[in-house]
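Here are the chains, one letter per residue:
There are 2 protein chains.
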Amino acid sequence: MSGPRRIAVLGSTGSIGTQALDVIRQLPERFAVDSLAGGRNHGLLAQQIAEFRPRAASWQGAASADLEAAVRSTGCRFAPVEDLALASDIPLIATAGAAGLFPTLAALKAGMPVAIANKEVLVMAGNVVQKALREHGGRLHPVDSEHSAIWQCLWGEEDHGIRRILLTASGGAFRDFDADSLAVVTAEQALNHPTWNMGPKITVDSASLMNKGMETIEAMWLFDVPMEKVEVVLHRESIVHSLVEFSDGSVKAQMGVPDMRLPIQLALAYPERMPTPPMPSLDLAAAGSLSFGRPDMERFPCLRLAIEAGRRGGTFPCAMAAADEVAVGRFLDGEVGFLDIPRVIEAVLEKHDGIADPDIETILEVDLQARDKARAVKPGVPV
Amino acid sequence: MSGPRRIAVLGSTGSIGTQALDVIRQLPERFAVDSLAGGRNHGLLAQQIAEFRPRAASWQGAASADLEAAVRSTGCRFAPVEDLALASDIPLIATAGAAGLFPTLAALKAGMPVAIANKEVLVMAGNVVQKALREHGGRLHPVDSEHSAIWQCLWGEEDHGIRRILLTASGGAFRDFDADSLAVVTAEQALNHPTWNMGPKITVDSASLMNKGMETIEAMWLFDVPMEKVEVVLHRESIVHSLVEFSDGSVKAQMGVPDMRLPIQLALAYPERMPTPPMPSLDLAAAGSLSFGRPDMERFPCLRLAIEAGRRGGTFPCAMAAADEVAVGRFLDGEVGFLDIPRVIEAVLEKHDGIADPDIETILEVDLQARDKARAVKPGVPV
Numbered sequence: 029m030s031g032p033r034r035i036a037v038l039g040s041t042g043s044i045g046t047q048a049l050d051v052i053r054q055l056p057e058r059f060a061v062d063s064l065a066g067g068r069n070h071g072l073l074a075q076q077i078a079e080f081r082p083r084a085a086s087w088q089g090a091a092s093a094d095l096e097a098a099v100r101s102t103g104c105r106f107a108p109v110e111d112l113a114l115a116s117d118i119p120l121i122a123t124a125g126a127a128g129l130f131p132t133l134a135a136l137k138a139g140m141p142v143a144i145a146n147k148e149v150l151v152m153a154g155n156v157v158q159k160a161l162r163e164h165g166g167r168l169h170p171v172d173s174e175h176s177a178i179w180q181c182l183w184g185e186e187d188h189g190i191r192r193i194l195l196t197a198s199g200g201a202f203r204d205f206d207a208d209s210l211a212v213v214t215a216e217q218a219l220n221h222p223t224w225n226m227g228p229k230i231t232v233d234s235a236s237l238m239n240k241g242m243e244t245i246e247a248m249w250l251f252d253v254p255m256e257k258v259e260v261v262l263h264r265e266s267i268v269h270s271l272v273e274f275s276d277g278s279v280k281a282q283m284g285v286p287d288m289r290l291p292i293q294l295a296l297a298y299p300e301r302m303p304t305p306p307m308p309s310l311d312l313a314a315a316g317s318l319s320f321g322r323p324d325m326e327r328f329p330c331l332r333l334a335i336e337a338g339r340r341g342g343t344f345p346c347a348m349a350a351a352d353e354v355a356v357g358r359f360l361d362g363e364v365g366f367l368d369i370p371r372v373i374e375a376v377l378e379k380h381d382g383i384a385d386p387d388i389e390t391i392l393e394v395d396l397q398a399r400d401k402a403r404a405v406k407p408g409v410p411v
Numbered sequence: 029m030s031g032p033r034r035i036a037v038l039g040s041t042g043s044i045g046t047q048a049l050d051v052i053r054q055l056p057e058r059f060a061v062d063s064l065a066g067g068r069n070h071g072l073l074a075q076q077i078a079e080f081r082p083r084a085a086s087w088q089g090a091a092s093a094d095l096e097a098a099v100r101s102t103g104c105r106f107a108p109v110e111d112l113a114l115a116s117d118i119p120l121i122a123t124a125g126a127a128g129l130f131p132t133l134a135a136l137k138a139g140m141p142v143a144i145a146n147k148e149v150l151v152m153a154g155n156v157v158q159k160a161l162r163e164h165g166g167r168l169h170p171v172d173s174e175h176s177a178i179w180q181c182l183w184g185e186e187d188h189g190i191r192r193i194l195l196t197a198s199g200g201a202f203r204d205f206d207a208d209s210l211a212v213v214t215a216e217q218a219l220n221h222p223t224w225n226m227g228p229k230i231t232v233d234s235a236s237l238m239n240k241g242m243e244t245i246e247a248m249w250l251f252d253v254p255m256e257k258v259e260v261v262l263h264r265e266s267i268v269h270s271l272v273e274f275s276d277g278s279v280k281a282q283m284g285v286p287d288m289r290l291p292i293q294l295a296l297a298y299p300e301r302m303p304t305p306p307m308p309s310l311d312l313a314a315a316g317s318l319s320f321g322r323p324d325m326e327r328f329p330c331l332r333l334a335i336e337a338g339r340r341g342g343t344f345p346c347a348m349a350a351a352d353e354v355a356v357g358r359f360l361d362g363e364v365g366f367l368d369i370p371r372v373i374e375a376v377l378e379k380h381d382g383i384a385d386p387d388i389e390t391i392l393e394v395d396l397q398a399r400d401k402a403r404a405v406k407p408g409v410p411v
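Protein chains in written order, with my numbering: chain A, 29 to 411; chain B, 29 to 411.
If we strip away everything but chain A, and leave its shape as in the complex, we get (with noise of 0.2 angstroms):
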């Protein structure tokens, strides 16, 4: 490479976001920040456009005095993020929600690589997105701990058919509780994840496994493999990123100590490894034992039905993510119980029409309309 590669970071004032520029600042020869795209949190981008002095960036909202006061001091320019991302060498997609599609399609439609944190690009418009790669070229490089993982197994074995892909899951904050415990925690207790630092959002799917119902549906259309294909392991320490089986009966797996540096950094990287910052070596030895086994599907009923959206396709996906969404939002606000949200999610797709290979228009309205549902959903009382 001649200079440093230009990122796009958008939703950079998130929990990747931050961790990505941090990546970023340790590795000032091979990387650059082109463009940032923060949300409503103009405080944190104003300090990172002071820090980065980005050529372009966007935000929501009017502008803060701080935030109009560091574009017009390091001469930044308000770009759309779609923009932002064509501009770069490559778009890190960490924004939450549907904001994350337009950049990722535009990005891939010039045939573009594309760093992949968003969750809901995936899961709402999967098809779109595949359709987008077959035609253009372009490429996904995950950043997901357990995509970056199996993305990492999958390297050389192009040619190698795959038997099973593995996703690992820690189990979230309440992996050991019963039901009777589940139905009254609070949404703070959901929000101590045991290993990963992130988002509120992401830590209650987390807990739920929604989080990781959701990672299976992106590991059907990352790796253009059926559900059937797709299988998800119990593992406590998080060492495990996950594995992918081969048609042999040989298993790989990427392991690590726990830290979201590394995929965000191989995704920026790639087809490189990057020696610095060092990462600490993983201690097998000390960790002592890795523990496997099977989650449980009645306890954690949204693993289930993320699965069964991913098996059926079409807009079930999406609808099921939308009503996730809301219903996370409803728990976080104290208004519905922990275990309301699969009932929410259960209520919103028992109505739900589905439509296959659905174009974005047809995704965003059913956005909407599964939002719209599960917000009138009140557990309890049939809808």
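Think of the hints as simulated: they come from the structure by calculation, not from any bench. Since we're looking at a predicted model, the values are computed, not measured. Any given hint could be a false lead.
[Unchecked claim] Estimated spans, in silico, between C-beta atoms of each pair:
{"#": "1", "chain 1": "B", "residue 1": "S309", "chain 2": "A", "residue 2": "G165", "range": "50 to 56 angstroms"}
{"#": "2", "chain 1": "A", "residue 1": "P299", "chain 2": "B", "residue 2": "V212", "range": "22 to 28 angstroms"}
{"#": "3", "chain 1": "A", "residue 1": "A211", "chain 2": "B", "residue 2": "S309", "range": "32 to 38 angstroms"}
{"#": "4", "chain 1": "A", "residue 1": "P56", "chain 2": "B", "residue 2": "T390", "range": "48 to 54 angstroms"}
{"#": "5", "chain 1": "A", "residue 1": "G189", "chain 2": "B", "residue 2": "E389", "range": "44 to 50 angstroms"}
{"#": "6", "chain 1": "B", "residue 1": "D287", "chain 2": "A", "residue 2": "R81", "range": "41 to 47 angstroms"}
The C-beta atom is built at its ideal place from N, Cα and C for all residues, glycine as well.
Position chain B relative to chain A; hints supplied.
For chain B alone, coordinates are given in the frame of chain A:
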């Protein structure tokens, strides 16, 4: 490929050889036996010749009556092992001891791929083998489950630096014995290996961890890393066959149900993976947990001796392997105790004048001398 790959199975009557014939038997459209080389087990070789009807064969000593009959009735011709290797598409070197050296070098010097199951070839003559690889463009396909695992982990990672190779060790039959118990174990006890079914010499080496020590030396040569980057990890379940840590801290592991047919098949079929015969899937949840620990080099000094010999290089590994073969023979004959095996080896190595970058003649000379010395060592009596 136009027709089946024609294989020279050298060491066809041993443990790996018979399992290789099982693989070949089940994939007649992909593999064919071009030639067989047995040792002194003429009865079994005669049966194999009758079944596989090889073009040529090799054996040691005057042919038994049934071997002569099999050769005559199938039209099979006797030929030296080097000729068998060169006439095949790929030789499988599954002979024990120095017997594997010449056919391996002959094939590599012809730029051929070689499936290598023999330990001594690389332990004794790693430098000579590596020189042949560099100069003639041949390839080694490792058959040992550990080295096959490392090999698989390195596919697609050719441009990435290796930080560490982690060789897993089941710990052998005596992994939980204390020093007093180790002093009085019998050959019969040593031959009861927990997971793999192998020949007597390698099973004793497995119990003493000399086998693992030799594997560290093989790994150095096969993957071109210094001994400092090779680490042994105790792993009782023999499910993780070995691991590689890359420059960025990412670790890849290869695992599977312990079945030697998988690495044998892969070494013969590379770059393909064969879905038939169907190997059982690894059930991690049923396995429950995988344990890891550090090997105890105090209780198992053979591992330390091998690592030291590998570090010192030159003719030290050759002298060590020769001394070990004699010491194990003396143990199997009931002549010396289990803990005398490392004592015999250490006594030989203490007197050894190492020669750097030895040629084949020097290596064979050192091998003979070390055997003589190892026969003469009286454990407990200073040399």
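So, going through the hints one by one against the coordinates:
1. B:S309 with A:G165: 50 to 56 angstroms: At 34 angstroms between Cβs, range violated.
2. A:P299 with B:V212: 22 to 28 angstroms: Violated, since P299 (chain A) and V212 (chain B) (Cβ atoms, about 56 angstroms apart) do not stay within the stated range.
3. A:A211 with B:S309: 32 to 38 angstroms: holds (36 angstroms)
4. A:P56 with B:T390: 48 to 54 angstroms: For T390 (chain B) against P56 (chain A), whose Cβ atoms are near 52 angstroms apart, the range 48 to 54 angstroms holds.
5. A:G189 with B:E389: 44 to 50 angstroms: holds (48 angstroms)
6. B:D287 with A:R81: 41 to 47 angstroms: Cβ of D287 (chain B) to Cβ of R81 (chain A): about 58 angstroms, so the range 41 to 47 angstroms is violated.
Violated hints, in rising order: 1, 2 and 6; the structure is consistent with all others.
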